Each structure stands twice: as structure tokens, then as C-alpha cells.
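Position 225 (the sequence shown) corresponds to 225 in our numbering; numbering is contiguous.
Bear in mind the hints are in silico, worked out from the structure with no lab data behind them.
Wrong hints could be hidden among the right ones.
Unchecked claim - Here are the simulated DSSO-like pairs of lysine-lysine, each with C-alpha atoms no more than 27 angstroms apart in a straight line: (1) Lys181 with Lys161; (2) Lys69 with Lys123; (3) Lys161 with Lys179; (4) Lys196 with Lys181; (5) Lys199 with Lys69; (6) Lys199 with Lys182; (7) Lys179 with Lys199; (8) Lys123 with Lys105; (9) Lys179 with Lys196; (10) Lys40 with Lys69; (11) Lys161 with Lys40; (12) Lys196 with Lys69; (13) Lys182 with Lys161; (14) Lys199 with Lys181; (15) Lys69 with Lys161; (16) Lys196 with Lys182; (17) Lys105 with Lys69; (18) Lys105 with Lys120.
Owing to the predicted nature of the structure, the values given are computational and were not obtained by experimental measurement.
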Amino acid sequence: MQASSLSQEDARTALGRRLFYDADLSADGSMSCATCHNQKHAFAESNATHMGVTNEEGIRNVPSLANIKDFTTLTWLEQHISRLEDQFFTPLMGHDPVEMGMTSKAVLEQRVASDACYQKLFKQAFPDESGHITADTIAQAVSAFERTLVSNTSAWDRAQKEHQPLSLRAQEGASLFFKEKKCAACHSGFLLSDQKFYKLTSASSTAVRTPSLRNVAVTAPYLHDGSAPTLEAALQAHHAITLTPRQSEALVAFMQTLTDQTFLHNPAFGLPAEECPL
């Protein structure tokens, strides 16, 4: 593929995708963004928390990146991080806990700049900066890719847009969710999250953001600390509702309709080809 065949926007997305899957962004070359944000889990993962490159245990469950462009805050607890370009440096260089363990922006820039493909992609993606590779342009590229991670073709979406019927059990669950049990009081809107922060118990010292329920069936375990192994357990934890076994099954059936198989298998979001796109 010739350089002229990629627009600036497409080049920036292709660059960000390549960086997202590149383990050289971690201190020891063992962890990429995709190590924790796995496409088959809606860009979350199946562990309660994830250990960093220094073998320090994680403290929070990895959140899904589906529709991340629509979030106004980007972490479970910290309400002031609202830009993907800022959030990028938390897992990359943060120390509470150490995740990817990159030691400095200078080291990050040197690693990326040593790759011939990245040199070409940065020139195409950032012509105003003459392709200059900086920590900020690296963050901008990864963020550009993350903003393409849109999930909106689940069975529930098709039921709303195309009037494709859900199963009777899922319809029962939807009625419970939106009406009787009032789950949508917090899990509302396109994201099925009001994006507000709540203290889970009266003894809690910190407030936790309402998680999106899109693709929730593939993002177990649940809650900000990964302490709920199943959807049934998550329903019982910190929710002031009483459910019969049938109601619990119906709610789970509804939440399973929020899985977007197209999103989970879209090749445009997966591991890029080794060959440079330019």
C-alpha cells in the first residue's frame, strides 16, 4: 500500500492500532495495551485484576473500551481524567500500581522512533508536526484508534432499530430492567451507564462510576475490583433489589442481548498485519 492511499485520519488510526498492540510500549517488552484490553472480551479481560510488569498485583478490574469515545470520565474512581490522551499515560507510566512500567517519555519516544514503519506512519498521520515522534503524538494516535471502537449492533440494538424480537425470557428481563426493578435509573442511555459515581455501601470511602453494560456478558468478572465472578453474583452485590431465581435468569437473558458479535470479531480492531501499511 502506497503512502498516498491513506488519508491523515486513516494513517493516524492505523498507527494507533499498531501502537495499541505493541508490547514495546512496556518497560520489558512483555505487555501491550491489548494484553489487558482483549477484543474477544470487548476490550476488557477475564481476570479480576491484571499483574503489571513488576509483578505488582492490580487493584482494579480492567474496564471495557467499547464506545470509550462517549465517556466523559475514563476510570473507575478518578473523576478528573476526561481525555483519552491523558488517560493513556496512567497504565503506561503510572506507579499506583505499576502496569506497563515505562520509565520515561524519552525512552518511549526512542523506542517508537527506532521503527521504520512508525517513522512513515507518523509522517502521514501528523504532517503538521513533520512526523516528529513525541509522547504526545503517540498518545494522540492510540486515542484515535480507541475512538473507533464503537459497539452498536447487539441483538438489543437490532430490536430497537429493526424491531427484531428478543426471546420471551429476554423481553421479561428487559421489562424488569427498565420498569419494575428500575435498573435503568443508573444504567441508562446509549452506554447503559449514567456515568455518575456512587458509594457502593455506607462504609465506602470512595465513589465508583456506573459501568456500561454493553457486552457485559463477555466481560466477567465484574465490579471495579473484579469480586463478582458471574452476572448473577453482580446482580446480588451492592444492588438494593430483591430478585427471585426466575427474575435473575430473565435479567441475565436480557443482558446477554447486549453482546455485539460484530464488534467482538471486527478485523479492523484486531491485531494488525506485521507488514507496514505504508
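Now the hints, each set against the structure:
1. Lys181 with Lys161: Distance of about 24 angstroms is within 27 angstroms: holds.
2. Lys69 with Lys123: Holds, at about 25 angstroms.
3. Lys161 with Lys179: holds (20 angstroms)
4. Lys196 with Lys181: holds (19 angstroms)
5. Lys199 with Lys69: holds (25 angstroms)
6. Lys199 with Lys182: holds (18 angstroms)
7. Lys179 with Lys199: holds (23 angstroms)
8. Lys123 with Lys105: Status holds; Cα separation ~20 angstroms.
9. Lys179 with Lys196: Distance of about 20 angstroms is within 27 angstroms: holds.
10. Lys40 with Lys69: Status holds; Cα separation ~19 angstroms.
11. Lys161 with Lys40: Judged against 27 angstroms, a Cα distance of about 24 angstroms means the pair holds.
12. Lys196 with Lys69: holds (16 angstroms)
13. Lys182 with Lys161: Holds: Lys182 and Lys161 sit about 23 angstroms apart, inside 27 angstroms.
14. Lys199 with Lys181: holds (20 angstroms)
15. Lys69 with Lys161: With Cα atoms ~22 angstroms apart, Lys69 and Lys161 stay inside 27 angstroms; holds.
16. Lys196 with Lys182: Judged against 27 angstroms, a Cα distance of about 16 angstroms means the pair holds.
17. Lys105 with Lys69: With a Cα-Cα distance of about 24 angstroms, the restraint between Lys105 and Lys69 holds, given a limit of 27 angstroms.
18. Lys105 with Lys120: holds (20 angstroms)
In this structure, every one of the numbered hints holds.
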